[in-house]
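A.B. asks: Put chain B on the given structure of chain S with help from the hints.
There are 2 protein chains.
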Amino acid sequence: MSPTIPTPANFELHKQLAADTIEVDRWDCCRVLLMNDAAYPWLILVPQRPGVCELHKLSAEDLALTTAEIVRASEAMERLFQPVKMNVAALGNMVPQLHIHVIARFEDDPAWPQPVWGVGPAVPYGAGELAARVEALRGAFSH
Amino acid sequence: MSPTIPTPANFELHKQLAADTIEVDRWDCCRVLLMNDAAYPWLILVPQRPGVCELHKLSAEDLALTTAEIVRASEAMERLFQPVKMNVAALGNMVPQLHIHVIARFEDDPAWPQPVWGVGPAVPYGAGELAARVEALRGAFSH
Numbered sequence: 398m399s400p401t402i403p404t405p406a407n408f409e410l411h412k413q414l415a416a417d418t419i420e421v422d423r424w425d426c427c428r429v430l431l432m433n434d435a436a437y438p439w440l441i442l443v444p445q446r447p448g449v450c451e452l453h454k455l456s457a458e459d460l461a462l463t464t465a466e467i468v469r470a471s472e473a474m475e476r477l478f479q480p481v482k483m484n485v486a487a488l489g490n491m492v493p494q495l496h497i498h499v500i501a502r503f504e505d506d507p508a509w510p511q512p513v514w515g516v517g518p519a520v521p522y523g524a525g526e527l528a529a530r531v532e533a534l535r536g537a538f539s540h
Numbered sequence: 398m399s400p401t402i403p404t405p406a407n408f409e410l411h412k413q414l415a416a417d418t419i420e421v422d423r424w425d426c427c428r429v430l431l432m433n434d435a436a437y438p439w440l441i442l443v444p445q446r447p448g449v450c451e452l453h454k455l456s457a458e459d460l461a462l463t464t465a466e467i468v469r470a471s472e473a474m475e476r477l478f479q480p481v482k483m484n485v486a487a488l489g490n491m492v493p494q495l496h497i498h499v500i501a502r503f504e505d506d507p508a509w510p511q512p513v514w515g516v517g518p519a520v521p522y523g524a525g526e527l528a529a530r531v532e533a534l535r536g537a538f539s540h
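If you read the protein sequences in the order shown, they are chains S and B. Residues in the first sequence are numbered consecutively from 398, following our numbering. Residues in the second sequence are numbered consecutively from 398, following our numbering.
If you are wondering where the hints come from, they were derived from the structure by calculation, not from laboratory data. Careful: at least some of the hints might be erroneous.
When the alpha-carbon atoms are kept at most 20 Å apart in a straight line, the in silico EDC-like pairs for lysine to aspartate or glutamate are as follows [as the list claims (entries may be wrong)]:
{"no.": "1", "chain 1": "S", "residue 1": "K454", "chain 2": "S", "residue 2": "D425"}
{"no.": "2", "chain 1": "S", "residue 1": "K412", "chain 2": "S", "residue 2": "D434"}
{"no.": "3", "chain 1": "S", "residue 1": "K482", "chain 2": "S", "residue 2": "D434"}
{"no.": "4", "chain 1": "B", "residue 1": "K454", "chain 2": "B", "residue 2": "E475"}
{"no.": "5", "chain 1": "B", "residue 1": "K454", "chain 2": "S", "residue 2": "E475"}
{"no.": "6", "chain 1": "S", "residue 1": "K454", "chain 2": "B", "residue 2": "E472"}
{"no.": "7", "chain 1": "S", "residue 1": "K482", "chain 2": "B", "residue 2": "E472"}
{"no.": "8", "chain 1": "S", "residue 1": "K482", "chain 2": "S", "residue 2": "D459"}
{"no.": "9", "chain 1": "B", "residue 1": "K454", "chain 2": "S", "residue 2": "E472"}
{"no.": "10", "chain 1": "S", "residue 1": "K454", "chain 2": "B", "residue 2": "E451"}
{"no.": "11", "chain 1": "B", "residue 1": "K482", "chain 2": "S", "residue 2": "E451"}
Just so you know, these numbers come straight off a predicted model, no measurement behind them.
The shape of chain S in the complex, shown without the other chains (with noise of 0.2 Å):
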């Protein structure tokens, strides 16, 4: 689980991302955060590398590592939460650090079948609920 390529030092996470999200764990090349909206299982990978904000920046071999990794969470949310359909989408208008929206969705949550963003405000977990929630998704990674 601990990455095996160190951190670039000066890798810092957007203060956006921060605050909306919380960490589960850091991979090889992705920061694995679980947005803090209890209305939909989703994840945010961050490729740790200053300064990049397009897919089509990251170097040949930081894409396949951030390509695995979609593929990692893909994997994992879908065995956790057996959802209809895994949205994926790097988007970056608001905050423009790179980042990857991993989102499980259901026929019955708040934006289906449209997309999750700008529907409605987050709704933030319950303490015991966000603890029960990283810790599945840390056993599901693990998998």
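C.D. replies: Same frame as chain S, but now just chain B:
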């Protein structure tokens, strides 16, 4: 420009994607479609693999091809349109066939800074405008 890996004979483009787009090119993995919405430079890449609905269900080889093709599409759009941001997303809540949106975004586009989905009806290209855009994209791809 012509695919080196033949498209499986049983691949059929989803009828909604066929209705909403114009084919621009066929690459090793993906069919390259232009969304018929003049409000945004908007490509859709569709891996020509029958029955695949999720990025993480592609074979490792096809996922690497698709990722490289997302980069190729993004770089061409960036050269051609100089957007402030590229948006890349695989959602598929309404059209299950795996397809990846690659959209050039601008601070004066109708949805900025929100995502483009669900913001008003598509604005179809005029005939001359459409031909010029397809031509420009093909030129940028062959760079």
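A.B. asks: For each hint given before, does the structure comply? Return the numbers of the non-compliant ones in rising order.
C.D. replies: 4, 7, 8, 10
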